[in-house]
Each structure stands twice: as C-alpha cells, then as structure tokens.
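**Q** Take a look at the letters that make up each chain.
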Amino acid sequence: MKYAYYPGCSLEVSSAAYDVSVRAVAELLMIELEELDDWNCCGATEYFSQDELTACSVIARNLALVEPRLDQLIAPCAACYLNLKKTDRLMAEDAAMGARVNECLAAGGLSYQPGRVRVRHLLDVIHDDVGESAVRDKVVRPLAGLRVAPYYGCQVVRPAAEADCSEYPMKMDALFTWLGAEVVHYPVKAHCCGGHMTQLSEPMAFELIRRLLQSAVEYEADLILCMCPMCQLNMDAYQSRVNGFFQTSFRVPVVFFTQVCGLALGLEPTRLGFGKEIVPAMPVLEARLGAAPAASSR
Amino acid sequence: MAERLGIYVCHCGSNIAGTVDVEEVARWAGTTIRDVVVSRDYKFMCSSLGQQMIEDDIGQQKLSRVVVAACSPHLHEKTFRRACANAELNPYLCQMVNLREHCSWVSTDKVAATAKAKALVYAAAERVKWQEPLEPMPVKVNPNTLVVGGGIAGIQATLELADAGYHVYLVERSPSIGGHMAQFDKTFPTLDCSACILTPKMSEVGQHENVTLLTYSELEEVSGSVGSFKVKIRKKARYVDEAACTGCGICTEKCPRRVIDHDFEAGLGYRKAIYTPFPQAVPRIPVIDVASCIWFDRGKCRACEKLCPTNAIALDQEDKIIELEVGNVILATGWQLFDSRKLPQFGYGRLPNVFTNMEFERLCNAAGPTSGKIVLRDGKTEPESVAILHCVGSRDVNHHEYCSAVCCMAALKFGHLVLEKTKAQVYSFYIDMRPNQKGYEEFYQRLLEEGMHFVRGKVAEVTDATRQPAERGKLIVQVEDTLLGRQRRIPVDMVVLMGAMEPQPDAKEFGLKCGISCSMAGWYTERHPKLDPVATMTDGIFIAGVCQGPKDIPASVVQGAAAAARVQGMIAKGTVMIEPIVASIDEKACSGCRICNNLCPFSAIEFDGEKKVSRVITALCKGCGTCVAACPAGVITGAHFNNRQILAEIGGALWDASPVLEDARAGADEPADEEAESALSAR
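Chains as they are written, first to last, in the numbering used here: chain W, 1 to 298; chain X, 1 to 683.
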C-alpha cells in the first residue's frame, strides 16, 4: 500500500516524535509513505479565517503536488488533515471556487482536479486499510497491563472529516485493544484541548486542559494518547502551569499514539521519539511493560 | 367517420391557472388539434356545473371522445368517467391529462408550462381517438378478510369485522397478539393500565367464532386482486401441538434454559427456551425458540416433552404453508424502535444507566422485571433524578426527519410515573412540546404543576466525565437551554431516551408483496393523505396503524376501525367492478411458443394443450403489459394500452413547442388567426 505523505510543520520540530514514530510504524505495517516534494504550509487555522481563496490556493498546491500515480495522501497532523480535506471538498462543491483556485495554481504551473486525491489520517489507514488481523499479526510486545486513554481531539472527528464517528470515535480504542492494551473509558475523548486559547485566555485554556487530565486520572489511565500535535502540546507542555493554576498535581504523560503503537510492534523507544515529551512517559511504560528487551529489539 | 372531440381545461382555482395560461391552452386546442369540436376552460371542472357542461356537450355536440386536462386521474378520473357514462358515452373514451401534478405544480415559468400543457393535451387528444369502448368486469367479493399484524390496530380491525359477522384470518408474526401495547404500563393521557384495556380485546379475538388466529405465522405471498386474493401463509413450527396444548405452563416452568428476553422485556428480563411472551398471551400456547433450546443445540434434554401432561410437545414439527382465499387484506404491521446506539453521544449501551423508552416501559410495568419499581441498572437503587430526552432519532436530519408523534406524551407519562413512584426530580429535554390531541395539553399542564422540569433544548451529550467532585457517579446532561440562552450541565442518575418509531425493517419488501409502496421514510403510502388514509393504490389492500406513519393508540384504533368499515362496504356490495384493462391473445396468430406463460407475474396465462395456444385468464390479469412486450409474434394486445394508442400519444407529446416558446419569449404578438377565432365563436 503506497500513500503520499504530508508531514506538516509541527512534525518537523515541536512534534518530531510524531514524525519519527509515524514513519517507523508505517514501515512495519507495510504502509509505504512517499513524502511530497516541496510541500508547503497547510494554512493552519489562520489562513481560512483571513481569506478563503488564498487559503484554498496555498493548501491545494499540496494536493496538486501528489504524483499522478498516487491517489491517497496521509497527513498525521489533525489540522493539516482537516485543511487538506476541507480544501478538496470546497473545490468540489463550489465549481467557481475550484476554477479560481486552479487559476492561482496555474501561475506555478500546477493544477488540481477536486476529488482526485483522498486525504486520510494515519489512524484511519491503520484501522481500515491495514485492519485487525494484520495489526495483531505484527504485535511483538503486547501492551498488557498498560492503561491508555485514547484522545481524538476535535479536528479529525468533524462531520465532514470522515476519519471516524464524529460523535464518539472508536478507531483508536479498537487499535489499542488489538495491541493488547487496556483501553480506559475516556468520555472526554473528543472534547476541546483548548487549541489556541492558551494565547488568548489562559484561565479558559487551563480549565479545558484540566478537564482532560482530570478524566484520565479518574479512570486511572497511565497515559493519554494523542493524534494531533496541538493537543499533545497543550496537555503536555501546559501541564505544570495547569497544576500551578488549580493547585493540582497532575503528572500524566501525553504522547502520540504512534509512539506507543511502535512499542507494541517491537520498536525501541529511542526510535520512537520518546524523551521529547515534557512529562516523561518512559517510567510508567517501563513499570507496566518492563524494560525494552535489548536483544530482540528492532 | 371522424371523431368529435371535446377538450376541457381546468383552472383548479389558481392551482393550474396560476402557472399555466389555461385560456390560451383551450383556445389553441380548439383551433389547432384536428377533430376538436368543443374546447373550453373552466374554474373547477370537477364541480357539478363543470361536469354538467361536459354532459351537455356530449349530448348536444354529439361528442365521441372527451379529454379533461385537470388534476391527477387518481383524484378525478372516476368523476369524469361517470359524467361521460351519464351522457351515454363509454367512460373509457374519456382521457385525463394531469396538468396540475405533472405541469403547473412543478413549473415556475408560465411560458414553458403553457407550452408543456399544450403538448400534454395534444398527446391525450391524439390518443383518445384510438381508445376503444370497454366494459368493467364484475368480480364477486369473497367475504373473508386477511388482517396482517396483531397489534392494537389489527386487533381493532379484526373485531370490527368479526362482530359484523364476517370471517377474519388474523396473521401475527410473533407467538402472541398484543403488539407493543402489551408491553406498556400506563397509557396517556388518562393513565389507564394498558394491559387492562388491551387484554379483554385480545381474549375476545382468541375466542371469537369468526376469527381464525394464526400466530407465529408470516404472510409469504399475495396473488389475485380485489375481491379474490389468494394468499400463502407460513405457519412457523412452534414445536408444540396447538390442539393438544392446554397452556398449563409446566414446560416453561421446567425448561432448564433461561435466556435474556430481548423482545417483550426489551432485554431487561429473562424467558425460557420454551415460552409464552407474557402471562396474558393469546394464544396461551408456548413456542420453542430453536436458537436457545438445548435439544436443538446439543440433542439432549427434552425435559418439556417428558413433563408435558398432554404430550403436546412436537419436536419434529415443521413449518407449514397455508393457502387461503380472501376478498380484502388489511395491513397493520406496525413499527420497530430506533436503535439508540446510532447516537453514541447519548451513551446507550455504554453508560449503564441510560435506558430506552421501551426499557423504561418495562421498568414501570407492575408485571415487568422489577415489578414496577423504577430502579437503576443495578436492580435496586432508586434514582434521585431522571432525565428524559425527546426526539432521539426523530426530527434529526441524520436519522429520521419526521416527528415520531407519540414521544412528547410518552415522556410526560414517564415523568408522571417517576414523580408518583419515587422521590426523584424529573427533567424533560425537548425541542418543541407537541401534546396536540384531546386531553393532551391538559396532561402537559398537569405535569407542569406536578413539578416536572422542562428544559427546551436538544441535548448535546450525556457523559460521565465529571468536572466537580459533586458530579461524581452521576450522568451529566450537557444541553443548551434555548430559553435561558445558556449552556447547562445537569447531573442525573438515570437517562431515558425517547427513541423514534421507525418502519419495520422489511416494510418495503413486504409492501411490494402486496403491491403497495412506501414513502421516503418507509411508511406505507395511503391512497390520499387526507381523504383516503386507510386505502392504498391497490384496490382491496388497506392499511391501519403505525405502518402508515407514527401515531398513538387512539389514532391506531381509529384506523383499524376505518379499514374494517371500508372492507365491510366492499363485502356488503358483494361485487366489485374491476378495470377491463387486461391482455388478450389473438389465438389464430399465436404460435404456442409459451414465452409469455412463465413471464406473467400473476400466473394469468394458461396453455391450451389441444389447440397449442396460450390464453389469458382475464380474472387474474392485472394488465401489466409484460406479455404484450415479450410476445415475439406481437399477437398479444393490452386493452387500453395498445400500440396504436401509445404511438399516437407519443406523436402528440412530441408536438414541437419551440416556435411557440421563441415567439412568446421574443415578446412577439401571436399572429391573429381569424379563421380559427371565428370558428371558436361560432361554437
């Protein structure tokens, strides 16, 4: 299975752990990733709030860069995923907009036919395309005893996004059950992580983050699994600020789902970007799963 | 001799005249179409004055053919055919044009609509010239009736007919009649006990000399037509000899296999592998559920057989096909409950103390699994607060757009029962409160006084994610209170989801068997939504109860009785006239290839072995035209739809409207046609 790959800017620096673990896990699951040559910004949340045509044109350039022999594109970052998907849909639904975007693309010698590329999230690809039996076959180190809280955030579960159920997503829950983990009931799995609120109103953002951490503690999760760089950053990097603000003592590791998935597939923690998170995850992982077996490690 | 045509174009008030220039259509038809003797427009052609006009013209102008351009023939074909018959013109020489549904109601452009109307009128005028006088065929009405579905609507229909002295076959899919109403505790708004008012009717059905009750049976096939249907019914193996069983219940008592009862008890109670669904079941003859019986699973046990005092257990029983002849069929096939798991944000199936409305009915029911105690899923704790969510799966574009009609009142009833039986606070989360029948608004006022809390807003989520220590262990209902204009979180112990009524999963397929269709939502389509709500487009097939659309018990009973009254009318009349629109085979030209024999969906073609020709059995033919199209020699003719009539109609419809459109759009005055004008005024 071959897919075009769009890492996005977060995966280059702040979420480098996501990028390395995505690539490592994909390789083991026979998901062949071909990184787009010369990809550019996905527009984040800012472009669309300024000007739709500019946003669509900038984003559609990435879709136009997908080689003709490929028809699916994986974007692990939830924001990139949503923006790429949304642009494709807007161009398809509004033919006039599609034509204007293509005029803009033509300036760079490119063009994009809406609907040609199907934008996917990696979770959805592992769940639907790789599937249960293939995933179970690859498990080297079952995550027995590890209690994980699957957190989906808001962007991958928007109604038009199609990656999972928009009201109560379950694909990450299923995946970690296949990997042998104990998936805890995590009712806030699609609630808000605060997004950019940290820049506008800290009390508001901290309260939203607190709710997510609180629920994980209540259901005795060892760690929270994320599929979006923004969510991971908010819950991990702001955790001590939240503690200071509310006089709480949360110490919940927050990592990317691909990192823990990689452990189950037998990869060494160092190849999965562990150690880059602020609340360290290795202590609890070692306590539950034992030290990574050096000999059999890949 | 040339035919003498009369063309009548109806305004239908402004229904047609608002979009079609009817005067112009009539004028044009009178001057353009050959053989037209009279062409008129009139405000309401269906009025007695309109009909009289046609009758007078037939007499005075010696019309030989009539075209009425008005509404759908479903509404008024009979009217105009009768007018023709009154004036001694064969009614099959009258053709209707549907200018309303097919033209004015679906157009906004008056010029284009007028051009289309002309083409439609032209088509009918060309066709009607080739139509032949036909005589409808009388068919004797078999006085026996088939009622399908033993819920309250079917029970009512059955009893009305049986009490009037006519025989009824009542077919019910499950082991007992009673339907959903048998599961309920109280009925709104009077709060009388559902079983107390239903079970007398059930036992009356069971004992009635004019009723043959076929439970655990399904309708497999319907053939024939109004007055003389032939039906096949599959009587599923009960594994109990109905004649020998006394209903003593020893088999059920001694059966060692207990399983969760997902049907009658909505998953909250148990039943045995051999069971009657509930104590007042009619008939009181148990069935063996093969899927849970130890004997059918492992070939051991037979406890019921050993212990039955009348040797009524028949483990080698097989399904039986019963063939019946009936004159009319009433479908009262009911509904099923929406699967609330499709709305995962409300947590049904995930959060234990979220219940469906049907589960809650069983909880409240004194004969239910908790003997009527309202308790949480643990079976003992009484809730301190209960949330009732309206419109679960209904009034929701993602699921069912329709209003499920009964849930507001059922929610009020639940609220009353909670307040009566517990000390709990009750919250109703509604979009709009719709208590709109007799005594319903008063019941709503009563609940307001009793202290039920009403929050206007669609619930976003039911969650166990707590924010404050006080919320721990509670279910939190997150809702936008649209009257206060703010978000609210209301912690409760129990949530009841008012799931929508939805069509039976096999409603569409079942309707096809009987030759009737479903609405987009899946409810059976009535002949007319206002004026003929229990008849269908297929004569002799009637519908009653929720299979026609969501409704409560009183409305279901009304429809059951109405359908029965319609059937009684048919029986009292004794014969029905059926359309003479059937196929006929020119026996001299038939080569006896028999291709048509197997193609006929109604088995209406027989083969004469001696003469080696095929022949249509007129009484069985429905005039579908399959054989007409299939005959390789072209020697089968469909009456009223022969090739010459259809080709003439197509020729008329292909009348070229483009010059007219271009002229009108260019704003050019139509060239005065003096000759035509004078011809018109001369008439």
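Bear in mind the hints are in silico, worked out from the structure with no lab data behind them.
A quick note: this is a predicted structure, and the numbers were derived from the prediction, not measured.
The reader is advised that the hints may include incorrect statements.
Said to hold, decoys possible - No more than 30 Å apart at the CA atoms, straight line, and that leaves these computed lysine-lysine pairs for DSBU-like: (1) W:K86 x X:K458; (2) X:K110 x X:K530; (3) X:K342 x W:K86; (4) X:K513 x X:K622; (5) X:K342 x X:K235; (6) X:K235 x X:K508.
**Q** Are the hints correct? Go through all of them and say.
**A** Verification of the hints:
no., hint, result
1, W:K86 x X:K458, "holds (27 Å)"
2, X:K110 x X:K530, "holds (29 Å)"
3, X:K342 x W:K86, "holds (25 Å)"
4, X:K513 x X:K622, "holds (14 Å)"
5, X:K342 x X:K235, "violated (34 Å)"
6, X:K235 x X:K508, "holds (22 Å)"
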